[in-house]
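Visitor: Sequence:
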Amino acid sequence: MTANPRRAIGFTTELVTGAVALRSWTVALQTPPTEFYPRFGPLPAVVGVLGQPSSWDVVGYTRTLQLSDGGTVVETITHSEPGVFFAYDLSRFTGILGRLVSGGRAEWTFTPAGPGGSDDSGGPGGSSPHSDSATTNIRWQYRFYPLPGRAFIVRAIVGLFWAPYMRRVLSAIVETVEARGSRPSD
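In UniProt numbering, the protein residues as written are 1 to 186.
In case anyone wonders, no lab produced these hints; they're calculated from the structure.
Model, not experiment: these values are computed from the prediction.
Incorrect hints may appear among the rest.
As the list claims (entries may be wrong) - Restraint ranges, calculated between C-beta atoms of paired labels, are given here: (1) Arg7 / Thr94: 18 to 28 Å; (2) Gly18 / Thr94: 13 to 23 Å; (3) Thr64 / Phe85: 16 to 26 Å; (4) Gly71 / Pro148: 19 to 29 Å; (5) Gly149 / Pro53: 35 to 45 Å; (6) Gly114 / Gly60: 32 to 42 Å; (7) Gly114 / Ile153: 39 to 49 Å; (8) Arg92 / Pro148: 15 to 25 Å; (9) Ala156 / Gln30: 32 to 42 Å; (10) Gly149 / Ala179: 18 to 28 Å; (11) Ala179 / Thr12: 20 to 30 Å.
Backbone N, C-alpha and C define an ideal beta-carbon position, used for all residues, glycine too.
Whenever a hint applies, use it, and build me the whole structure from the sequences.
Guide: What follows is the structure in structure tokens.
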């Protein structure tokens with residue numbers, strides 16, 4: 001993303017799920033976005049995905065989300081570390097967001113949070129994504145890069161709508177992870 005990160009306007013939310021980090025990561029990434037992103041106030045729903053690769057976890061892969069207001073946005077994976085971290089840039093917004101932002105960035109971090117966690121070496125007490133930790137903290141950070149003169153509007157949208165929307169979406173993701181977390185075929 002070529003946008004100036006100092007001008008970014010965003011929000012971060014996190015929740016704990018009752019599944020191991022790698023399983024949480026896999027379910028969250030491989031479930032179609034049409035299942036998680038409903039309309040919320042003036043924010044459009046994700047209603048379709050164009051160019052969806054068979055696996056949404058490879059750096060450089062792109063897909064185009066179709067929005068309920070007729071707009072679209074392109075997502076491009078920039079980082080992918082199974083069970084630990086996932087990030088993508090958002091570009092080519094159309095619709096209302098295309099008149100407000102030059103792009104965006106989403107980052108997802110998965111950290112073992114419960115009993116049975118392990119450190120980076122896999123030993124007791126830390127955060128190996130492959131540990132048998134009973135719970136995982138999922139952290140979602142989202143940033144928009146406002147166009148010149150539009151930061152005030154973007155800040156208002158993030159504060160009034162995007163922040164509560166992210167909380168709602170992450171809750172749905174956690175519910176899905178917990179529902180599918182113990183099923184090996186999902």
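Visitor: Indicate whether the distance between the beta carbons of glycine 114 and isoleucine 153 respects the range 39 to 49 Å.
Guide: 41 Å Cβ-Cβ, so the 39 to 49 Å window holds.
Visitor: A range of 13 to 23 Å was offered for this pair. Does it hold for the Cβ distance of glycine 18 and threonine 94?
Guide: With a Cβ separation near 38 Å, glycine 18 and threonine 94 fall outside 13 to 23 Å, so the hint is violated.
Visitor: For the pair glycine 71 and proline 148, does the Cβ-Cβ distance stay inside 19 to 29 Å?
Guide: holds, 21 Å
Visitor: Evaluate the given range 18 to 28 Å for the C-beta pair formed by glycine 149 and alanine 179.
Guide: Since glycine 149 and alanine 179 have Cβ atoms about 44 Å apart, the given range 18 to 28 Å is violated.
Visitor: Starting from the hint 15 to 25 Å, judge whether the C-beta atoms of arginine 92 and proline 148 obey it.
Guide: Holds: the Cβ-Cβ distance is about 18 Å, inside 15 to 25 Å.
Visitor: Just to be sure I understand the hint, the distance between the Cβ atoms of glycine 114 and glycine 60 should be within 32 to 42 Å; is that true here?
Guide: Taking Cβ atoms as reference, glycine 114 and glycine 60 lie about 34 Å apart, which means the hint holds.
Visitor: Quick check on a hinted range of 32 to 42 Å for alanine 156 and glutamine 30, using CB atoms only.
Guide: Because 34 Å falls inside the window, the suggested range holds.
Visitor: Holds or violated: 16 to 26 Å for the Cβ distance of threonine 64 and phenylalanine 85?
Guide: holds, 23 Å
Visitor: Does the beta carbon distance between alanine 179 and threonine 12 stay inside 20 to 30 Å, or does it fall outside?
Guide: holds, 25 Å
Visitor: Taking 18 to 28 Å as the hint, is the beta-carbon distance of arginine 7 and threonine 94 inside that range?
Guide: Holds, at about 21 Å.
Visitor: Taking the Cβ atom of glycine 149 and the Cβ atom of proline 53, is their distance within the range 35 to 45 Å?
Guide: About 36 Å separates the Cβ atoms of glycine 149 and proline 53, which means 35 to 45 Å holds.
Violation of the numbered hints given earlier is confined to hints 2, 10; the remaining hints are satisfied by the structure.
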